[in-house]
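Since chain A is already given, all that's left is putting chain B on it; use the hints.
Next come the chains, spelled out residue by residue.
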Amino acid sequence: MLRWILGGREAQGTVEKSAALFIGEEQPKNCFTEMQVLKGHFDIVRFLVQIDDLRFASAGDDSQVLIWNVETGECLFALRGHTQQITAMTSYTFVRGRNAHTALITASSDRTLSLWDPDSGHRVQNISDLQSSVKCLLVLDRLDVWLSGGNELCVWNREFELQCKTVHHSDAGISAMVELPKNFIAAAMDKEIVIFKLNLSGSDIAVMAMRHLADHQDTIHSLININGDLFASGSHIGELIVWDSVDWTIQAYEHILWEEPAGDSQSEVKLTHQKQIERSIQHMSSDGEYIVAAVGSGLYVYNVLMKSVVAYRKIAHDSNVLHTMLQEDGRLMSCSEDGSVRMWELQDLPLPAEPASSGFFGMFGTFGRSSKQTGPPAKKIPEVPSLRSLELIGDLIGHSGAVQMFLSFKEKGLVTCSTDHLLIVWKDGELQSQLRSLAVFRKLEENQEL
Amino acid sequence: MIGSPDVVAFTKEDDFGDSFSDPCSLPEEFSVPLFAHTASANPWTKTSYAKFPKDFILISEFSEQVGPQPLLTIPNDPKVCGTFDLNYFSLRIMSVDYQASFVGHPPGSNYPKLNFVEDSKVVLGDSKEGAFAYVHHLTLYDLEARGFVRPFCMAYISADERKIMHQFQEMSAEFSKASEFLKSGNRRAFANELEKKLKDLEYTRSVLHKETELQKMNNGCYSTQAIEKANELANVEKSIYEHKDLLRQITSYPSRKKKDVDFVHREAEKPTDMSVMDDTLNLNHSDTGDKAVETESDSRKSTYTPQLIKAKSAKCFDKRLKTMEELCDTSFFHQTLEQLNIIEKSFRGDLCFIYTSQIDRALLSKQRVTSFLFEAERDQECEGTSKSFNISSNNPTVPILNLSGEPMSLESYTTCIDVDHIKPSVESMEGPPESSTSDITQETSEAADTETKGSFSSDKSIEAFGSVSPSSLHVNFFDGLERRSKVSIASPSENASRSIAIPPRTSDGNLVPMDAACCIGQDGFIFDEPLPELAQECCGDTVVNQEPQSLLQGDPALQVDYILEDSESPNMGLTFSDLNATVLSEEVAKINIEDVSDSTSFMSASTSSDRAVSPFTYGSALTLKQKKKAGHSALRFIRQYPFAQQAIFCLLSGRTLVILGVDEGTVRKLVNALFIFVPNLGKYGETVQPWLSSPFQLTDLQRWKLIGLQRAVSPAGSSILHSLNRYSRYISILDCDNKTLRCPPYKGTLISHLADHRTQIKRGSTYFLHVQGMLSQLTAKAFLYTFCHHIHLPMDVNDQGSVRSRRTNFLLQLGYTVEESKIVQYLSELIKQHYIQGAPKGVNPSFCFNYTTSYLYKI
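Protein chains in written order, with the UniProt record's numbering: chain A, 1 to 450; chain B, 1 to 859.
Note that these hints are calculated values from the structure, not bench results. It is possible that some hints are incorrect.
[What the hints assert, rightly or not] Okay, derived cross-link-like pairs now, DSSO-like style, lysine-lysine, Cα gap no bigger than 27 Å in a straight line:
1. K443/A <-> K683/B
2. K39/A <-> K683/B
3. K747/B <-> K29/A
Isolated chain A (complex conformation) (with noise of 0.2 Å):
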């Protein structure tokens, strides 16, 4: 597309790689025609955490965390104190009197875990002798504690008194942490997912580790909760495994494999092809009955009521899908180390069953080929009659680094962060312009020139 610009063989090269998943630049239904950058880091952001309809913290490893309003883009407060990068962050809703305060916490390298008031500015509570640098945060609410996940589970209460902790885990200390039914908790400790209890007797809580289940082959990356009954977990070798959420038993078991096996015609080609493809579940993301998973630079949806793929791409980004969302309207977002956002909308095949076989791999373009001598998990496409497709329908450009992560507020934006330093809020430039000609009268209401 620029090559007339570039000139040079390698930017060939760039642009052919990417043919097959450029949207161009029209794109009607992508509605974020406006853009406001957000400067305030002067390091990587990694996490961003909602605090209310209008404000969100942003934290990464510059240790500090800004706190701003998205509407207007002004950054409230700087929130210092940590002296190393963030961890983990997470916001924190109690009630206090009659009203919902919702409060920040974050951990840090710097072995501290600090409780911040966002409506001041202020740190509430400090803790700074813990042993080990936390990597997780989940409140239970319901309990009014929350749990900090590091080399071992600690389990505190609002004051940020220590409650009880388990005993010293391995090197890898817990990764992730979800809330399971009946005070269990499921915590990914490496290739493992512990079960712990939380014992309530009184006033006291005490907490053990009940089950350990070890059907995953390498690290998990990723667990999640799906709904009430179900939680999934992802692993490193693109193993997803759906989990009951009361027995822990297996309910679904896909090994998501890229790669076809080998013994084709082109075999060799295909051999240093597939070492390059990277299935690494990094991220998933689940409405209830979809999930979304961030695989290697690919994305995979599956349904987990159906137990099966209901779409997939291998390559949707041109690096490492860092996360994902499942909108409400069935649409899907991705972010990548690749600096880009992408919009996914789920659309039915033109026709079902055989003859929809080669539809589909046309539309795969240059690796409809790979994907028509599946593996194993892709031997099911053909047989499954719902398999649909993911076409792209937009993307967002404006980092110049790795999409860390990204934070919808609905109809008043999306705020995305970067490797690069910056947070961007995308927004809708129609709603925006509408919104500004209110602002516009209001304001010649207030000076009496209307």
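For chain B alone, kept in the frame of chain A given last:
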């Protein structure tokens, strides 16, 4: 584009009869005075009988040794006054200085008294010489001069009587500033001189004292020598007393005068000198001066060694009088010259142009909602003067025409005819003695006026139209004017700034409808009936109903700035032909050499670097001149590049245009050509980056709407290309090496009118005016679109969808294509953001864009 001055010249008055009233015509308050049509009269030959080619400023002195003499002219060039007899004219202008008659020792006081007299301002005419002058008299103090005063005057000499009359207020204000510089400097110098003299005297006294004692000792008390010495001593004592008193007077110069409005303005610009100066006078002697001042005067004290002087210095006529520069502090003197140069510049050219630009400024000041988009910020050099021109910068309320008064009576009109050739009578020359602003009453000025009328003598070639002291200025001056032309300029406001029609009181106390928009003089400048509707319009200065009207009426004269910059043109005539180029024929325009070069140079795609002409130097504001020059480049661009329209479309719709090239000169030249199309350019052209050799960031795209980018074969170059590639959806790229443009398509007629490569316009400045006119129309539409209530407000809560369709339909109804709608929408967004200005500090503004396919255009 045709500006109204061009039109007027060729319009007979009766072309605008009552029979025809154009609904789109200008409100009359903004109309330009018509040229008095007489058969076979060339409107531009009026000035031909004057002995000087153009207006100039003359400073003269009434020297006590040689009488009136010219000191200097501005511009300081002997050619400027031609064959005009400066000596003769100096005599004329100095002869009306009434203040000379009461200098010296006022009766009843036995020691000298300084009069802090106000300057006098008069208008003089010399019909033989064809010269008319605004004359500003002032006195400076000089210890060695008779009565300690030296009368000076500054005169603005023009061949155009109407200009002097019409611009009297402005000239008065500007010359007052200059005079204030002189007088401030003079007060300082005078105080210093007094101090020295006092030292001398004290030293002399001590010497004399010793001698007297010696005489007494030697010769006894009553020897003649002793008596002589005693007398001498007494004289010295008296002299010391007098000088001390003088010093007290000069240092107790009323401080309120320092807070003069005009003065404050200047003070802001030159914070050091001016404030220090008067403080020096006051504080030096009360021992609380600020350090710098103290040390300065201390050093002066220490370096000065007192001399023995004669107690009574005889008035000798062979001694050298101090020059003006010596009289005033040097820095003040230069400030004065600077100010006079500004005055000369700002009143250059024909009255029509000065007048039109005043109207222009007045109108622009009303368009604060939209003027930021395309209108040039006022030139720096004009800023000083525009202060007083600007109708609503000082008083934001719109001028209200007073309708209560009956139209001027015919009687008063008839009386006026002969009044303008009057000999200044003795009474009027004298003026009010001891004139301190307050004690002048209307009665006195009225008396002066009637006296003036009485002593009518037409064979005298020198005419004083009114001799006024500042306080009586308005009353007296305008009284006379009203009689002459049934209209008057009026502003009794203190700061002498102009406001269109605050009705001044005439001598009989009735309110008379006045309109500054009218010129003075009988010749076709009569403006006797302000329209009632007009007044109403003016009263209701709401943004919504006022702005679009003035814009939509679409008179190009309102949109362009006619500040005349005739420094390039050798004489007035040529200047006029320049501006009439479109009206007359293109041939006329060819006279101008610059123009010829224009039309030839665009043929060759020159790649020579014209970095020197680049208007983008950091920290300096873009001037109108630069923009007009850019018009020339733009004209060349649209002729040279067939895709110019697409490029201009990108700029107008807010899509950043990147001009990519190897050669800096070429890139800068293209940036130069295109920057006039950038909306919201900013005073310093902040939204344009003429030359960038590092990769740009996303935020740069928000900031800059026009970027000149270096194409380089280096690591930096490849990262530049990478950023181009990455943000390609937000930018358009004009590759000036390959002569290609990659941008979204444009369909429509708007820009083809704006940038027609077959345009007949040959001059850059003409084209610039054309562009300005078109853009103003566009701005008007954007304004309409922005502030049309019904298309933006949802009918009910669930009505968001219909807003969108109403907006689209509205723009379609205005006749815009989809692409043109984008332009209007972009401008509208800018207007909204500018109006709200709600973004807190440090927050990046939002950046709007579209997802549209780009195409590659080639030559």
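A quick look at each hint next to the structure:
Straight-line distance between C-alpha atoms of K443/A and K683/B comes to about 26 Å, which keeps the hinted pair within the 27 Å bound. Taken as a hint, the K39/A and K683/B pair is honoured in the structure, with Cα atoms around 26 Å apart against an allowance of 27 Å. This hinted pair checks out: K747/B and K29/A have alpha carbons roughly 23 Å apart, not beyond 27 Å.
Checked against the numbered hints listed earlier, the structure breaks none of them; every hint is satisfied.
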